[in-house]
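Q: As a plain string of letters, each chain reads:
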Amino acid sequence: MNTSMPSPFSCPSAQPDMAEARVIGVVSGTAEAPRIAYLKAEAVMPASQVSMDGALSVSEVFRLAARCEEHRCSQFADGRCSLGERIVKGTDAVVDTLPSCTIRATCRWFAEQGEPACLRCPQVVTLIPLGRDKLSQAAALPAG
Amino acid sequence: MATTTLKAETISTAKLSAAIDKAVLIAAERHQVAVSDTNLRLNWELVGRRLRDAARAQAFASDVSKDITKNLGLKVQPATLQVGKLIYCGFFEKVRMPIERGF
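Chains as they are written, first to last, in my numbering: chain A, 1 to 144; chain Y, 145 to 247.
Keep in mind that a hint or two might mislead.
[What the hints assert, rightly or not] Cβ pair distances, simulated, as ranges:
#1 A:P116 to Y:L225: 45 to 51 Å
#2 Y:E189 to A:P116: 50 to 56 Å
#3 A:S100 to Y:K238: 46 to 52 Å
#4 A:P46 to Y:T154: 15 to 21 Å
#5 Y:T149 to A:S57: 29 to 35 Å
#6 Y:E189 to A:A41: 34 to 40 Å
#7 A:M45 to Y:E189: 40 to 46 Å
#8 Y:E189 to A:A55: 20 to 26 Å
[Claimed, not checked] Here are some chain Y residues the structure puts well away from chain A; computed CB gaps all over 10 Å:
#9 E153
#10 T154
#11 S156
#12 T157
#13 I164
#14 V177
#15 W188
#16 R193
#17 R196
#18 A198
#19 K210
#20 K219
#21 Q221
#22 I231
#23 Y232
#24 K238
[Claimed, not checked] Straight line, CA to CA, 25 Å or less: simulated BS3-like cross-link-like pairs of lysine-lysine:
#25 A:K40 to Y:K166
#26 Y:K151 to Y:K166
#27 A:K134 to Y:K159
#28 A:K89 to Y:K166
#29 Y:K210 to A:K40
#30 A:K40 to Y:K159
Simulated from the structure, these hints should not be mistaken for lab results. Even glycine gets a Cβ: it sits at the ideal position worked out from N, Cα and C.
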């Protein structure tokens, strides 16, 4: 396998320092039940254009996508994204139609988990306070 | 029979600013931090020199600032800024700080 080739897939829950990072959504809903409001294609912007004033990080306010880092990511295991798998297995669907999302064509979660990932995706916020809710448990890497 | 469809929200460019304000409030509540109620972009223009000795930088900045005030009558704020290994010291002109820009 040629490991120097960039991944064709996008990470739908990325950090701003990742390659091709861009804002695809804004945290909406409530503090207790945050939901992602997805940007229309015209509003998607590079993560480099966004800065916060110190008290909050970009990932706490926005939902970012970036190029999937594959083996360099702790969530990548057995050639798949284990986070996407745990999100589907460990959380409930929060919408019953597919979100209007700009990265579905390249999204690793959609490619591997299909529509069930999309129906759970709006509840995924990249930085989550420690808690015992289903999302926190799904996001945590398994011990060992 | 009426049915309810749960749909994810979408945001256009026109509504992006309001959505960001709401997102900041939600994040502040979730992470229990205090934030200002407006978005800020602060443009700071440091006038000065680059030094190698961090320990002496602030004293250098203070001396320069005193001289500027004394000789030119400008109100300035001495400042030292370290960016990685680079140390800049000098002053900010008080009339220029800060510039607040909403976005």
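Q: Do T149 (chain Y) and S57 (chain A) keep their Cβ atoms within the hinted range of 29 to 35 Å?
A: Given about 33 Å between the Cβ atoms, the range holds.
Q: At 10 Å, judged by beta carbons, does W188 (chain Y) keep clear of chain A as stated?
A: 13 Å, holds
Q: Is it true that the CA of K134 (chain A) sits at most 25 Å from the CA of K159 (chain Y)?
A: 31 Å, violated
Q: Does the claim that K210 (chain Y) lies outside the interface with chain A hold up, using a Cβ gap greater than 10 Å?
A: 30 Å, holds
Q: Should the label of I164 (chain Y) as a non-interface residue stand, given a Cβ cut-off of 10 Å to chain A?
A: Non-interface label fails for I164 (chain Y): nearest chain A Cβ at 6 Å, not farther than 10 Å.
Q: Does the Cβ-Cβ separation between E189 (chain Y) and P116 (chain A) fall within 50 to 56 Å?
A: 52 Å, holds
Q: Quick check for students: does the CB of Y232 (chain Y) sit more than 10 Å from each CB in chain A?
A: Given a closest Cβ separation of 20 Å, the condition holds.
Q: Are the Cα atoms of K151 (chain Y) and K166 (chain Y) separated by 25 Å or less?
A: Within the cut-off at roughly 19 Å; holds.
Q: Okay, E189 (chain Y) versus A41 (chain A) on CB: inside 34 to 40 Å?
A: 37 Å, holds
Q: Test the statement that Q221 (chain Y) is away from the interface with chain A: the closest C-beta pair must be farther apart than 10 Å.
A: Correct as stated: the minimum Cβ-Cβ distance to chain A is 19 Å, above 10 Å.
Q: Could you check the hint for me, namely that S100 (chain A) and K238 (chain Y) are 46 to 52 Å apart, CB to CB?
A: 48 Å, holds
Q: Measuring Cβ to Cβ, find out whether T154 (chain Y) lies farther than 10 Å from everything in chain A.
A: Non-interface label fails for T154 (chain Y): nearest chain A Cβ at 5 Å, not farther than 10 Å.
Consistency note: the structure conflicts with the earlier hints numbered 7, 9, 10, 11, 12, 13, 14, 27, 28 and 29.
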